[in-house]
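Given next are the chains, with one letter for each unit.
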Amino acid sequence: MAKLSLMFEEKTVKEVPVGSRPVSIGRSPDNDLPVDNLAVSNYHARVYFEGGRLVVEDLDSLNGTFVNDLRVERATLHDGDSIWIGKHHIKVDASGDAPVPWDTGRKASAPRINETMVLDTKARRDMLQQAAATGERVQFASGRLKVPTLLVVGGRTDQKEYMLTNKLTVIGKSAMATVKVKGWFKPPMAAQINQRDDGFYIGPGDKMPTVNGTAITGPVRLNDGDVIEVCGVRMNFIFRE
Amino acid sequence: MRIVSGGVTDLGRVRTNNEDCFRIVESLSLFVLADGMGGEAHGEVASAMAVETIVKFCMEQGAGAGAALLANAEPSWTEKTKRLTSAVHLANKTIYEAAEAHPEQHGMGATLTAAWIDGSKLSIAHVGDSRAYLLRSGNLQQLTTDHSLVAEQVRRGILTPAEAEESEMQSVLLRALGALPDIEVDTDEHILFARDILMLCCDGLTRMVTEPEIAGTLQAEIDPTKAAEKLIALANERGGVDNITVIVVRVGAESRGWFSWLFGGGRRKAAGNGAAGGS
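From first to last, the protein sequence lines are chains A and B.
Residues in the first sequence are numbered consecutively from 1, following this note's numbering.
Residues in the second sequence are numbered consecutively from 1, following this note's numbering.
Do not rely on the hints blindly, as some may be mistaken.
Derived list of chain B stretches under chain A, where covered just means 3 residues or more per stretch with a C-beta under 8 Å from a C-beta of chain A [claimed, not checked]:
| # | segment |
| --- | --- |
| 1 | 135 to 143 |
| 2 | 152 to 162 |
| 3 | 168 to 174 |
Hints were generated in silico from the structure; no laboratory data involved.
Note that the Cβ used here is the ideal one computed from N, Cα and C, for glycine as well.
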């Protein structure tokens, strides 16, 4: 199986295998290959198999992804290549066999499906199991259950702490808001936090919130420990074990 | 909440029959959309059956307390949410039994996305790969989870979203009404705010039109029916490979306090003057 080795100066920091699911690389600790360096974007790049070839793709990172010496947006990797991200480099070992992506392996036999169809329970179980066998980390975070929580660290709200259990969370003065802000001249809906498949996103409402001091205009994904500030309320977004 | 809504369904550019079905019950603020499947005309039968069963069940007066709950309901849900969920279970049973009784209809089924607004409370019931979206302060949020194989594979990290878009397995559903005697229904409750825009649509739209385009159209076009028409036109421009159905629901402010009264009155007056000047 192909392997990526994260190197810092000539030392191996971490090794990860590349299976049928993409390996994400970035500063955020929830990446498959976290790289702890300020020059690295939160979600910097990813490496995955495509048609039997190993591919690296830059995820619009600030400082770029380099293969050997060339800055790339997307490139095919070969055995022995080095991916440079900030001061770290990742050695590519593509000597192993490429896993047959479950989907492409099926294409030959499966008829082209234009009509919508439903899988019966057995077929569904089989297909997902088959798919699971090729992916290493199927149900992410199945072992550790973390509850996304807002801790109020400044300003007046109806509670000091909110567990984000809903898909939609509203911060504002409205009686319907999840996080009820108290005080004069506060907007009914100052900001919103929405849950998506890949995490929690904060977006503006009537006000423009700041995340870690930076004003945001569109949805921004929240990371563990981010500090949110809106209409005089300061909150800490954390994942609580 | 003041609710303004509109819905449009379209054949698309490729199909010869429309298997989608939708109903808007304005008096109840109930919105139901289904996308049928199954050869011949059976998809149409299934989607119509789903919509009719749900609307009828929800409209039945006095059914609130007396209605037999067909599913295990979450105790915290509102009466409307429970009723809507029961209605979806009933629709599933109805389609399944019809397909069992008529062998030629075997394999028919439908996706279903329904929304019921009661005051500021929004109840959602969902099965399949049609979608409900909420546009709030320019932020478009999908309220439903697609029960399709590729969506599940993306959630499990087996496919990337880009691979999912290319996949030939996009039409494979993991859940649909009528496929099995019993079914799991996704149910959710949300609080609506003034100026929220809710949209229900089938995959005929979302496979052709991107989310930023949806958000832009919903923001730019105030009339719900026209917004739905514009989205459908865009999907058709891109090829319209499937039937397209869109329901747009705009939520207005509820209370007309002195402030809005002043402004509303002011505007009416200005409009009156304008008309007088023109004549």
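Results for each hint:
1. Only residues whose beta carbon comes within less than 8 Å of a beta carbon in chain A count, and the segment 135 to 143 of chain B has 7; three or more means the coverage holds.
2. With 9 residues carrying a beta carbon less than 8 Å from a beta carbon of chain A, the segment 152 to 162 of chain B meets the three-residue requirement, and the given coverage holds.
3. Coverage of a stretch by a chain is defined here by at least three residues with a beta carbon nearer than 8 Å to that chain's beta carbons; for the segment 168 to 174 of chain B and chain A the count is 7, and the condition holds.
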